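2 protein chains.
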Amino acid sequence: MAIEPLAETEKRVQPRWLSDDEQQAWGAYIRLAKMLMRQLDRDLHPFGLSTNDYEILVELSEAPDNRLRMTELADLTAQSRSRLSHQITRMEVRGLVRRVACDGDKRGTFTVITPRGLATIERVAPSHVESVRRHFIDHIPPADLAVLTAAYIPVMERLRKVRDRD
Amino acid sequence: MAIEPLAETEKRVQPRWLSDDEQQAWGAYIRLAKMLMRQLDRDLHPFGLSTNDYEILVELSEAPDNRLRMTELADLTAQSRSRLSHQITRMEVRGLVRRVACDGDKRGTFTVITPRGLATIERVAPSHVESVRRHFIDHIPPADLAVLTAAYIPVMERLRKVRDRD
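Going down the list, the sequences are from chains R and D. Just so it is clear: in the first sequence, position 32 is 32 by the numbering used here, and no numbers are missing. Count along the second sequence from 1, then add 166; that gives the number in the numbering used here.
Bear in mind the hints are in silico, worked out from the structure with no lab data behind them. Check the hints yourself; a few may be wrong.
Derived pair list, reagent style DSBU-like, types lysine-lysine, alpha-carbon separation capped at 35 Å [unchecked claim]:
no.	chain 1	residue 1	chain 2	residue 2
1	R	Lys34	R	Lys161
2	R	Lys34	D	Lys200
3	D	Lys327	R	Lys34
4	D	Lys200	D	Lys327
5	D	Lys200	R	Lys161
Because the structure is a prediction, the values reported are computed rather than measured.
Using the sequences plus the hints, can you model the full thing?
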């Protein structure tokens, strides 16, 4: 008679609930992240930008020839390609970026930052960096920042692979 | 002749740019947060929930009498009241929560989780906790989690006050 081993069933069914410490860490992480994003969006609002717009302008302004393939930009900004494409269209309408075909290259198009986009980032950057300092960086001791960087980078690399696989 | 002191002008104009270490920490923090939220949303998608829906159901299910004032819920979930109100309306339409008037209390309404909302959270929780573990908690050493919790809680308290003041 085939009886499913109880231990196996239990293992599958029992969720690995978070311990109190883990729950507290997760709550602090995700809640702070949401609050920060909303605050940064509010601080960028007077400039007519969102944090997503800002992030894309920075990546493009720092890229060689001020341009990136859509796949590279999706990777750098941790967005899905379809979501990014909508975002780029909205930014194109406002004259901040422009799509150009890759010469002799079938792998799609580049996104280029326009002179207007460059001027925008230059104007907004001092205020944005001040807001990142005021709401986050200035309140975390440098030693803790180093722990954070070392802990998060491998988690991020892993997540990027999960996304690419799916 | 009134000449503005140069030092003062310089101080106002010079942005306090991030150091390389700070830049790396900030990039790791905010990029991971975005990737995690998108991944958790994708993992919740088959259940018809977003991470925001999930968070609200958890807070309500853990509250006394399964209900919270809108102001309390806005505080706990770090959302603005207007954004939260739209979210609650969408969840009400789907039968997950319900608004009720506070007896003899002019301070507005309560949001209550419905039996359907409770059943939903019970069904989804094991999968969600697994996804939090797989994408974040299981990859961070407990000592680092403790450092991060201690670092984030005061930053969060500060941000909450900034938001209330504005």
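Tested hints:
no.: 1; hint: R:Lys34 / R:Lys161; in the structure: holds (24 Å)
no.: 2; hint: R:Lys34 / D:Lys200; in the structure: holds (9 Å)
no.: 3; hint: D:Lys327 / R:Lys34; in the structure: holds (15 Å)
no.: 4; hint: D:Lys200 / D:Lys327; in the structure: holds (24 Å)
no.: 5; hint: D:Lys200 / R:Lys161; in the structure: holds (15 Å)
Violated hints for the displayed structure: none, as all numbered hints are satisfied.
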